[in-house]
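Asker: Residue 559 in our numbering sits at position 501 of the first sequence; the count goes up by one each step and never skips.
Please note that a few of the clues may not be correct.
As the list claims (entries may be wrong) - Within a straight-line C-alpha distance of at most 30 Å, the following computed DSS-like cross-link-like pairs (lysine-lysine) qualify:
#1 K496 to K342
#2 K255 to K239
#3 K89 to K600
#4 K820 to K741
#5 K254 to K374
#6 K302 to K483
#7 K101 to K80
#8 K478 to K219
#9 K492 to K266
#10 K89 to K219
#11 K302 to K548
#12 K266 to K475
#13 K177 to K165
#14 K266 to K284
#15 K165 to K562
#16 K741 to K600
#17 K266 to K255
#18 K683 to K177
#19 K166 to K895
#20 K239 to K302
#21 K666 to K177
#22 K879 to K851
#23 K779 to K166
#24 K254 to K159
#25 K99 to K820
To be verified - The calculated label-pair distances, taken between Cβ atoms and stated as ranges, are:
#26 A76 to Q701: 34 to 42 Å
#27 G551 to V354: 28 to 36 Å
#28 G850 to Q136: 41 to 49 Å
Treat the hints as calculated values from the structure; they're not laboratory data.
We treat Cβ as the ideally placed atom computed from N, Cα and C, and that holds for glycine.
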Amino acid sequence: MNKQNATASRDISFNPQAFEPKWQTQWEADKLYRAVIDERKPKHYALTMLPYPSGDLHIGHWYAMTPSDARARFKRMQGYNVMFPMGFDAFGLPAEGAAIKNNIHPKKWTYANIERMQKQMRSMGAMFDWEREAISCDPEYYRWTQWFFIQLYKHGLAYRKKAAVDWCPSCNTTLAREQVKGDDRVCDRCGTPVIKKELEQWFFRTTKYADELLSFEGMDWPDFVKTSQTNWIGRSEGASVTFKTVPQEDDKAGDPIEIFTTRPDTLWGATFMVFSPEHPLVDKVTAPENAEAVRVYKTEAAKQTDIQREAKDREKTGVFTGGYAVNPVNEERIPIWVADYVLMSYGTGAIMAVPAHDERDFEFARKFGLKITPVIQPVGADGSPPLLGETMERAYEHDGVMINSGQFNGTRATNDKGMKNPAIKAVIEYLEQKGIGKRDVNYRYRDWLISRQRFWGAPIPMVYCETHGWNPVPEDQLPVLLPDDIDEWKPTGESPLKFHPTWKNAICPIGGEPAIRETDTMDTFMCSSWYHLRYLSPHDDKAPFDEAEYNYWMPVDTYTGGNEHANMHLLYFRFFHKALRDMGITEGNEPVLQLRNQGMVLSEDHSKMSKSKGNVTAPDTLVKKYGADTVRAYLMFFARWQQGGPWDSHGIEGTARWMRRVWTLFTDPAPASVSPASDDTKKNLRRKVHQTLKRVTHDFETFEFNTIISSLMELLNEMYKAREAGAFGSSEWDEATEIYLKMMAPVAPHIAEELWTERLSKSYSIHQQSWPQADESAAKEDMIEIPLQVNGKVRDRITVSADASEDDIKAAALASEVIQKYLDGKEPRKIIVAHGKLVSIAL
RNA sequence: GCCGAAGUGGCGGAAUAGGCAGACGCGCACGACUCAAAAUCGUGUUCCCUCCGGGAAUGAGGGUUCGAUUCCCUCCUUCGGCACCA
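Using the sequences plus the hints, can you model the full thing?
Answerer: Printed below as a string of structure tokens:
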């Protein structure tokens, strides 16, 4: 056999740079991947998160998109009518940065990048349906973003309010709570610590859906996303209780104060109250002689940043107001304090303090010498003395029995939260009966702040006039276009649109008087909350999306993307769908059935890739060197997709080698001098093919891309051996090659097409073939090797027929000389034949 | 502190209804081809020993079991989310 010649000819003929663009052009010309409604076929909407047009496609985009593409292709071969659209999330800050730097309009920069990235995306050989492309900064797109804002406004889900909001001093804009990260409270975009500003801004009423967003019923989503969202929403069950304040002399009517507590069962232990410094009633409850101290404390608190105030290990501070409240269950007069450990942004901004059973209240009470009354007594701690306020060393926060609580003494308090705790349940019922409190739920979740003081976003379509206040722009006047003739878009802290000479001038839609437009633009997460709907009919000028398309394609069957969006995009996206549903625009409770998140491709030194560190891997260079198929395959192979990992520039060589070996197997002339393969060889080949097919099919379903590639590599190795053994030309061989290319087609669409169409001369296109069906009987083994264990250690192996009975296997095992040696004439204590796979002998 | 995910050779990773640990690939070593190198092909590659053969090993320790990477308990480490949230 002359291997040398084969090698030489192969290296010349494997040239992905030649056939990859050829097929990309061909597929596009033949509209192979157009997704058109076809009622005869089951649909599959495969969605992958759309990119921001930052300039160049990086390896992370490939990592997100090409395995998703492979799976979409697999679904398509399985007979689904698959829609796999792509677009651009094209509004956002970097465009403004670039605009300032290069003195060009953000629009120009953005569209230039889009064009560049479209070209790069085409080199991936993905089955994107470009006729469905949607670009969020197109007026035909943001017209509908604005339209949705107006619908939300009309349904009371968009509102304007003044509040202390998060402000990024580097991005010069407000941020939503979700966009502030970590304990050091930094901007999600740029890492700058945020500050608080008191501003009037537009909000979406996301909290209305807090409870519904906690339900993930029927959703095949990763656990970490579900728990992350659950944590974020932060639901606490408890009670709200009204305390009366004791009137100051000049003020006869003492105001009622509502508080929220998760532990109403400890109400009898509430020995003081604490107000947040910002609480509106602080001044009213403050006694004249304490007024100066309170004023000073409030001023100090206002100067502190949130980061300082919310630092956990900080020592508690506070001042007495001189005012008192009455504990509604025991009529005890309790002092009211002001302290910054109580936050205005949670609950009612005031708490009842139960120092005996709350760590924070305990610390505060000890520091200021306030009364501590235990009301839950631990049980079962034999001999240990009962809790006493004077001697307790820390708050007792576990289960026990209620004491010092009047009629409830003796009630069992468990560690359960909410109504599952008998003590809490009993007390809430009592409070409701007496009319002093009620069952209540609180969330840490906040409404979504969507105003941005930036230029490159969808203008908020609202107009203000002195007489009629805020009103939406009439829908027939949409879109409210961004001006082209703007030369001042530098972020100043105020919206650049404000400084355009004429843009903000409008007329009131109600009375026709002169009015002013809202000059803030929308958070770009608003644009990406509905892009999956725009893909349905991207050029529709009658509606945001076409109803027939919606009815056929929605909901999204599989959504893939990065895991950094768990509490941002994915929460907004769900909120948006539910809001639209309640307005009668969409149907169903959730937009996405199945969600899968890929991990991140790290650089070779295990750090995050970044342009500034110069450790990025450029896909364009890799495509040039290896071809797109190899890059795709390596991205699927090198790590668990859902986990990601560091790039390895040597590792890709292995995948490149595999690709060349595939090419060689299909293009090399058959070895001439071997005799025809034995029946066994052919049967074994066929078995391996169908075993691989089963595995690959399974792994595509479960997103286990790395084992798809390794199974294919393994089968290729077997095929080489079978060819050596003379299988070439047999019907088994032909079947193997056909199935091999079909399995390869989703992963490496170009080489599969080239070999299928050009080398095997099969009918174009392999991407219109259906996924092969595994033959179970062919995949089954005839003979199996069974390990024989003695006391858990493998001592011998026997080969038996795959359908041997347990008794046969047992007999064969005992017949083994090695086993007999170990038995040494004794009777084994126990013999177990495990599922016909293994024999375990216990001596 | 609370919630979640995960710890397997030099490396990326296979294998879970409880049944042969290390598939596949990288790297490395040796060999073939070559004047030589690259490429390619072949062989080997968890660790330890006295290398015929035996022993140990899936973050650590314990438990259940004939049998545990897989199940249970305790602990350690890494990553992610939340955190003075009443």
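Asker: Look at each hint and say if it fits the structure.
Answerer: Hint by hint, here is what the structure shows:
no., hint, in the structure
1, K496 to K342, "25 Å, holds"
2, K255 to K239, "17 Å, holds"
3, K89 to K600, "26 Å, holds"
4, K820 to K741, "24 Å, holds"
5, K254 to K374, "22 Å, holds"
6, K302 to K483, "23 Å, holds"
7, K101 to K80, "29 Å, holds"
8, K478 to K219, "37 Å, violated"
9, K492 to K266, "29 Å, holds"
10, K89 to K219, "50 Å, violated"
11, K302 to K548, "52 Å, violated"
12, K266 to K475, "23 Å, holds"
13, K177 to K165, "19 Å, holds"
14, K266 to K284, "19 Å, holds"
15, K165 to K562, "20 Å, holds"
16, K741 to K600, "61 Å, violated"
17, K266 to K255, "24 Å, holds"
18, K683 to K177, "18 Å, holds"
19, K166 to K895, "66 Å, violated"
20, K239 to K302, "38 Å, violated"
21, K666 to K177, "26 Å, holds"
22, K879 to K851, "14 Å, holds"
23, K779 to K166, "57 Å, violated"
24, K254 to K159, "29 Å, holds"
25, K99 to K820, "25 Å, holds"
26, A76 to Q701: 34 to 42 Å, "35 Å, holds"
27, G551 to V354: 28 to 36 Å, "30 Å, holds"
28, G850 to Q136: 41 to 49 Å, "43 Å, holds"
Hint check: violations occur at hints 8, 10, 11, 16, 19, 20, 23; the rest are consistent with the structure.
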